[in-house]
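Number of protein chains: 2
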Amino acid sequence: MSQPDFSANLKPHPQADGAATLAQERGQSDFDTNAISKHLFGDKYLERQARILKIVTGEKIFSKTNQANLSRPDRYKLGLARGKKLRQLMNEYKWDDDDFLMAEWLVDDVLPHHLNISLFKSAILEQCNEEQRNFWYPKLQAWEIIGAYAQTELGHGSNVRGLEATATWDQKTKDFVLHSPTLTASKWWNGTLGRTATHAVFVAQLRIPKKGGSGGFESYGPHPFIIRVRDEKTHKPLESIIVGDIGPKYGYPAMDNAYMLLNQHRVPHEALLSRYATVNRETGEYVKPKNTGAMYGQLTRGRSQIVMNARLVLARAVTVAVRYLSIRRQFRDQDADDQSALEEQVLNYSTVQIRVLPLLAATFALHYSGAAMQKLYERTRGANAQKESDLNELQELHFTSAGLKSLTTEMAADGIETCRRAMGGHGYGGGTGLIQLNADYLSKPTVEGDNWMITQQVARYLLKKVKELSTSRSNANSSRLDASLIRFRERSRSPPQFSDLSDDLSILEAFEWRTAFLAFEAYESREVKKLPWNSLLVEFRNLSRAHTQAMLVVYFYEGLRSLDSLPSSTKTVLWDLFRLFSLSAIEKDAWQFQRSGAIATKALDQLPKEILTLMQRIRPHAVRIVDSFTLPDYLLNSDLGRSDGRVYESLFHRAHVENPLNRITFNPRYWEDELVMGSRDDGHILSKL
Amino acid sequence: MSQPDFSANLKPHPQADGAATLAQERGQSDFDTNAISKHLFGDKYLERQARILKIVTGEKIFSKTNQANLSRPDRYKLGLARGKKLRQLMNEYKWDDDDFLMAEWLVDDVLPHHLNISLFKSAILEQCNEEQRNFWYPKLQAWEIIGAYAQTELGHGSNVRGLEATATWDQKTKDFVLHSPTLTASKWWNGTLGRTATHAVFVAQLRIPKKGGSGGFESYGPHPFIIRVRDEKTHKPLESIIVGDIGPKYGYPAMDNAYMLLNQHRVPHEALLSRYATVNRETGEYVKPKNTGAMYGQLTRGRSQIVMNARLVLARAVTVAVRYLSIRRQFRDQDADDQSALEEQVLNYSTVQIRVLPLLAATFALHYSGAAMQKLYERTRGANAQKESDLNELQELHFTSAGLKSLTTEMAADGIETCRRAMGGHGYGGGTGLIQLNADYLSKPTVEGDNWMITQQVARYLLKKVKELSTSRSNANSSRLDASLIRFRERSRSPPQFSDLSDDLSILEAFEWRTAFLAFEAYESREVKKLPWNSLLVEFRNLSRAHTQAMLVVYFYEGLRSLDSLPSSTKTVLWDLFRLFSLSAIEKDAWQFQRSGAIATKALDQLPKEILTLMQRIRPHAVRIVDSFTLPDYLLNSDLGRSDGRVYESLFHRAHVENPLNRITFNPRYWEDELVMGSRDDGHILSKL
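Going line by line, the protein sequences match chains A and B.
If you're matching positions, the first sequence starts at 1361 in the numbering used here and goes up one per residue.
If you're matching positions, the second sequence starts at 1361 in the numbering used here and goes up one per residue.
Okay, chain A solo, but in the shape it has when bound:
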């Protein structure tokens, strides 16, 4: 393999010249890639990406060439080495936290140290009193300690109140006794804790002896404690702690998700993170949480990050799909006269377009939604300049953003797979560069609030809204949601039945009408007919989806409306994407739009044709649109999606030059146990089982 062989002289068939195809694709569109790139990401982000990219691609440890061939233990080791190296680079180049996160994103591994800079850090910042924060924060920032966040248990995830771990106050010794009373009380899934962490925030049910010495305990619910997990020198677990990695999962091979049990493990009084609540050291009295106020902003910020991340993940899958499917040709057009013509570009088939192009459009819907949430958060941060309508919107977003988490992570997770299948045979190979992204991202629909379960929160808020609005009128501080519910209440007997699919405002109103229709229907079921909550969960989920789709459509629309300095032809493409996104969503739920009277039946019948037309309009710009996502080839790590279009050369190189399996000659004869030819190994793989 190290010798040049006859494959060195071979080129792809002329029709498979990807570089020429992408040049042609880029030449046929005047979509302003650079302007959109700046518009989507901003100069600062793009500068950071370019700067960090140069540094990480200069280090061998970040090479992705062989990582898919490694064993799980080696993948963890590689992650550990990469984490260390990134931190060394951080010191060397004086990176800030965002620089570090950019590096981790480009390297495309969630590294073993990750929880120290994410959940552990937030816990220290948000749950410590000042003294605790002053003590711990510098240590974690310097990576003197590596922290994890141990909340979820083997037996309880979403239901935090059901956690089994206990923290019992011992008034005599002034200690808390942390304990895992059962096997299901074992902490579980906690990242960084399995092998890496030195410390953890341990969440346990706080129990304080009852007054009067009569025995028994009063329970105060889950509280956070900071504990040392492993010895400072040996890095072995402390004696009363059992901790380890839970083993291979779908994705995140470099991350050490943990199990952890504590056996009557004593920690001092100051281990309880005491910003909101504490136990009086002398009297053993529980000091109640202050009224913490609604932290509307924080949640909105976190959820906007989820949406923005879903956008990037989807952008990545769509970039690979659009580029490859432009280059890939298969079959000639059935209706073509000239049978000597090149085969058709696969992206020209409507069955391929209808899977990929709405996802291309969806990346923009996610972008404008995430951006609007960020802006709202920024606008409402300072004490000044807080309009009441902003605060209303923020509050509403706080309660309904569960729907955004649910829908957008589902869109991205499903979107990766849709793109993969659209790529046909080669979509199943390592050349997609999507295997690890796919496996990693599959966690999102179930973590941080299961996507189906949390839709109840949205429904609950909408039910409350319908109840409140039964008497009120729209006013200056009403949100769009309020106004749409009031509009529905007033006109429910004459539904709008919009029929002009090219009228964007009608589209917006149609989405909002559907939401209102479903909200009032749910209200009727629950509040009037008093049906069991459990019998309505599916209805609630549909309601949440409908409302969230309306939000995406509205944010998308408003994002485009506020555009200014872009060339008009580029704007036209963006508006086409808006329409494709909206009409595709309507088509998928056509029955709801019909049933609610939001859209006229005739218009629904026209949808397939309209969607086809929009796809034909967008198609010539597809490559330039994905170019505007500016995802580096190093990140994509994809033969199919590389920006220079050398798909087939790259696939062949990965197989013929890079694959370590091809350095071994095997012995396939079943009557000989030897596996590697001539090695007399006697089938030694057994020792690894």
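I should point out that these hints are in silico values taken from the structure, not numbers from a laboratory.
Predicted, not measured: the structure shown is a model, and the values here were computed from it.
Treat the hints with care, as some may be off.
To be verified - Lysine-lysine pairs mimicking BS3-like chemistry, simulated, CA-CA at most 25 Å apart:
1) A/Lys1889 x B/Lys1969
2) A/Lys1420 x A/Lys1398
3) A/Lys2048 x B/Lys1424
4) A/Lys1648 x A/Lys1534
5) A/Lys1424 x B/Lys2048
6) B/Lys1962 x A/Lys1948
7) A/Lys1735 x A/Lys1747
8) A/Lys1420 x B/Lys1532
9) A/Lys1969 x B/Lys1424
10) B/Lys1890 x B/Lys1931
11) B/Lys1481 x B/Lys1454
12) B/Lys1827 x B/Lys1735
13) A/Lys1962 x B/Lys1962
14) A/Lys1890 x B/Lys1962
15) A/Lys1481 x A/Lys1804
16) A/Lys1890 x B/Lys1969
17) A/Lys1824 x A/Lys1890
18) B/Lys1398 x B/Lys1735
19) A/Lys1889 x B/Lys1962
20) A/Lys1499 x A/Lys1596
21) A/Lys1969 x B/Lys1420
22) B/Lys1420 x A/Lys2048
23) A/Lys1969 x B/Lys1481
24) B/Lys1648 x B/Lys1532
What the hints assert, rightly or not - Over 10 Å on every C-beta distance to chain B, these chain A residues come out as not near it, computed from the model:
25) Gly1522
26) Lys1570
27) Pro1628
28) Tyr1646
29) Glu1738
30) Glu1884
31) Ser1928
32) Leu2021
To be verified - What follows is a list of derived Cβ distance ranges for each label pair:
33) A/Thr1533 x B/Asn1369: 23 to 29 Å
34) B/Arg1661 x A/Ala1379: 24 to 30 Å
35) A/Trp1893 x B/Ser1929: 49 to 55 Å
36) B/Ser1579 x A/Val2017: 29 to 35 Å
37) B/Trp1465 x A/Asp1693: 40 to 46 Å
38) A/Ser1749 x B/Lys1371: 51 to 57 Å
39) B/Asn1369 x A/Phe1577: 21 to 27 Å
40) B/Tyr1405 x A/Gln1388: 22 to 28 Å
Positions of the beta carbon are idealized from the N, C-alpha and C atoms, including for glycine.
Based on these hints, arrange chain B on the given structure of chain A.
Frame of chain A, contents of chain B only:
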């Protein structure tokens, strides 16, 4: 870890006692598990499963404990060793081919030798002339040679006529010259060929010099040649061959999918497999294929196997989900008064039921459809007893079974993921036992005919049918499809608008009416309006789906109708499953059923309630139903889905006892390059990159 520690004394929380829960689940239902098990699989299959299971679980090499931790090269090695061992066992126990395949299924790896017993074997059986078959078949059966099937290329998959490899007849030397003229002509994806095979069937464009010596060649399209790939002694590729493994894919880590290039590689005249066509050795004349007759039966058989396999795959995912979700409890019922009650079994939530129970029902739909196809194949095999109506049905199935491949592999692939997500957090872990199944099965929607592309075949047949039927009437030999198209033609102005969702015959007819509606609509678009083929692909796909769903519903119905000796309470459950399957399918496409007039609007509005009721009726039987699939724990390899319900004990054991990562203490300090604590390894992972 080898020492007992305090975790040895811990048990799960009492509410998490899976064994007790499953006992209760099994006690609350009288669904006749044993009878259904026999009904679904037959005694012969169950006997074989039990017999082979005992043998493979007795061999250490088939232990699945650590395989998810291995590197890709080691996974291939393990596969190679397993393949050899299975063949040794085959000799020892005198297994037939079905025994061998059962063993491979239970071991749950597609092994490196697999193509020798599948595609290579079929090619030898079907494409050889008698002499060739007599020569090659005994060799492959004895595994003296290991064969692969090299058809697909880097640049062409579905479009077989577009293959680039050439086979040029040299009249002087009486040789064929096999050649790969470009990089995209490289064979690609071909299983078993990468490292294992000694031989392959090589598919290439046959070219014969034009008569008259004027130069140039006549092309005859793709033909199969048998070639030796590797040296008999050294197992190194022959000199004019470049061959290797393409590297890691989504799944199939034990399989060596190949690339292969041939450089002016000469093979003798008899290398051309000559059952249907050959080249006259003396004159160089092409001898035309005989009229091969329509091989309706073979395709039907192959497709029935795909359906039956999809059934088992889905059964496996549903078994894991139903058992785990019965045992898993989370949150109390919102409406419950007693807040000290156990938390709710997750399978009781309607949002979980609506994802899992229709898939449970779908396994039966797939079963009866696959079984009906098998029966039809058997019935039409012999020369005797062939009713014309059977032959009609077989012909129809031949042309429409692409829709079954497309829909059922999609149902199974999506179904695994739906079950996984329904399991929440633990659904993302290795404890599901679904990770490799999921990754392997994702290939199915795109291989052996891309699921979207092949729906054109169904549409093309239905367009032809509509055309033919424009004048004919229903007669004794009409298929159900014919009859339903004629019915639609005659009554298209008065659609049935069925309103009784409990009337099974109406349900069947509603599905058929929808198909007919879409078929006539597509006919109008293509044949009357003459719209471009490419603009109709999405419509065609919808039509294929509709027709295929109708087939599944009809087969399911007919399968249940022919049931006899089952207890009536068990039959009732099966009929509920039929209804759940049908009504769920209608709900997902409610707009089509409304638009076509198949079902009345009011009835469509009632669907969610009907579905909820059916799910509540089926729920108590769920565990016993999945028990009837009789999938061995060894196959499932699932902590969550094990038949004894010891979910949490098993998860903990996998993590704490089995995970090799926990045998190593790491050094997390970023200022030290050492990775394994105390090893002074200086970060040696670099050498593996």
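Inset, instruction - Against the structure, test the hints numbered earlier, and report the numbers of the ones violated in rising order. - result: The structure breaks hints 2, 8, 9, 10, 12, 21, 23, 25, 32, 34, 35, 40; every other hint is satisfied.
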